[in-house]
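**Q** Once you have looked at the hints, place chain B on chain A.
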Amino acid sequence: MTIDLIRDTGTPLERQVFTWRELVQPTYSKLDDDAFTRVRVILMNGIESESLRFSHACSRMNRELQRDLARVRRIEQHQQTLVNWLNPADQSVLETTIGFEQVAIEVTASVALAEPDPYLAQCYRFGLLEDFDHMYRYSALMDRVEGKDANNLLQSYSDILPGRPTSVEHRHPDNDLRTPYDRRTAQLISKLHAQTLVAGEHQTHDYYMTVGPTYADPTGRQLYAEIASIEEQHVTHYESMVDATETWLEKWLLHEANEVYNYYSCVQSEGNPRIKAIWERFLDYELGQLQYVAELFKSIEKRDVAEVLGDGKLPTPIQYVSHRDFVRDTLRREVMLTAVGPSFVPFDQEPEQAQFYRAQLNSQGSPSDRVAAGYVWQPGTELVSNAPQLSQLDLQPTA
Amino acid sequence: MANTQTHAELGLNRTGVATSPRLTEDMLEGTSEFTPSSIGDDRQIGLERGDYAREADPLGSVPPPLTGKGMLKTGATALKGESPTQLIDKLGERLAFERTGTRLYEALVSKHDALGGFEGGPSREDLVRILRDEHAHFQMLKQALEKMGADPTVMTPSADIHATMTKGVLEIAVEPRTSLAQSLEAALLAELADNDCWMALHELALQAGEKDLAEAFSMALSEENLHLTMVRTWLAAAQGRTRA
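Protein sequences appear in the order of chains A and B.
Following this note's numbering, the numbering of the first sequence begins with 185 at its first residue and continues without gaps.
Following this note's numbering, the numbering of the second sequence begins with 7 at its first residue and continues without gaps.
The hints are simulated quantities; they were obtained by calculation from the structure and are not laboratory data.
Among these hints, one or two may not hold up.
[Claimed, not checked] Only some residues are given here: those of chain B computed to face chain A with a beta carbon under 10 Å:
id	residue
1	T37
2	S43
3	I45
4	G46
5	D47
6	G52
7	Y58
8	E181
Remember, it's a predicted structure, so these values are computed and weren't measured experimentally.
Ideal Cβ positions, reconstructed from N, Cα and C, are used throughout, including at glycine.
Looking at chain A on its own, in the form it has when it is part of the complex:
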């Protein structure tokens, strides 16, 4: 299947319609479907969520575009609903969280490997090692509070190992801003990568901010609070990689192209035929939306869409596979890095201001250190070989 972003017409907007029954379809199976089906559902919910978020921001700043934005946005709203409602009700908040982190690891790894710009690729590897650690912390929470094995969700595709420790990921905001790509010279794939990561991380942040307070255990509540703070850093980090001088319409065009790219990636890899049909349908919808926005771009900005979309050929799709070796190689080489301004440097070169910021946050203890203290994942939870530690006397703080 070859997609042409400039010439493929897709489904016209007026035929992009839904019923409530279509929006609420049978879900995937948490037990029997491949873990990457859940990964795709979670990411595509994030992609659609970003399309709404962008559309509202654009609408607030562009009176003349409001009607067109509203038309397309309503369709995106229903696309997001259909996709997000594929998550099953027997999947708990923490189980879905494990799915979010698997997205952050495997999709970011795929993006980091494919990114042609060396600096941007390093930005992705930097974020990857932090989300990798979040998986370890949430898995420890699941094991130690709920007595459940996160690998039931991961299906052994992704590691449960410490990455850059979450407790040292906290950075002063000044150190979360990166150097953006140049809209005039960057390749299309670099722009799509950045859009994809902003979407995924923003949705992860919003999810943790929504579900964090629904968790009863205090360490769990703190862990969601702590990791949500890192996700906010990550949104800042990825968002700053996007050239802020792109026009609103240019950004809208890129959002639509990115949705095409992502649905195309899902179509290429999906093994569940019923869900694959949804990805195919929405790929056609997005092509229709892209053409709609392309017409606006041409008529309002008087510019050629090829300026933004190049020759219209889609880059290599996102690889929905295990990236274990790449992630571990990255860990070995780059786990000791932090960020100072837009640069990545070893922790010993971190300025005092950044150390002070982190020390203050961790001054009453670190939830992520506590939850995974001495934690080593094993199949079936750590209770398989470790008896529960019941004596707390030696851990009691002295008065």
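**A** Okay, now just chain B, sitting in the frame of chain A:
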């Protein structure tokens, strides 16, 4: 494809490590190279829980009676007892549980209507009968609370605890992918709790000197006991066991 099974069948469940032995071996191999970043064990989570527990406020409270003057003799004694709020809290708990129990059996009836029954399982009439009992218990508790001058629309702390504990029970019954037999597992949990709680309520009413209430609760307990026996029998049939 509707789930009319009484037991799960063989399929492509991917959650276990045996599905992917090579990948799992890789995962385990990594644990020796990438070791924990902080020392300790799972006890620190319990300590933090303890710290918070020592500082935490309760879930909530039982409100005062609506009016002292309007209170009938029945119940007045209870409210003068050593723990005047306890009976109200537990009555509120059972009221809420029976109200949700009514909806639980509605869900079971709709599942039965959609998927049919199974040999040795409940008839539609069986389920409707329990549904009506649950509703009658709810109504009886509502009247009891009103007679005591208490507000039957209140969610008491104990009602909140039981609702939180058993939210999965209703979820299993209304989930389209569960069979009737699987939904009856949820009903079993509800009936087990119901039996113990009605027993406790009966004793509390006796302690409070509320003989009429105690008698009514004793009848409810007998009905709940029958529900439990019925659900156990249906589940035994679904699982091919001969003894409930």
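**Q** Of all the hints given earlier, name the ones this structure violates by number, lowest first.
**A** Violated hints: none at all, because every hint is consistent with the structure.
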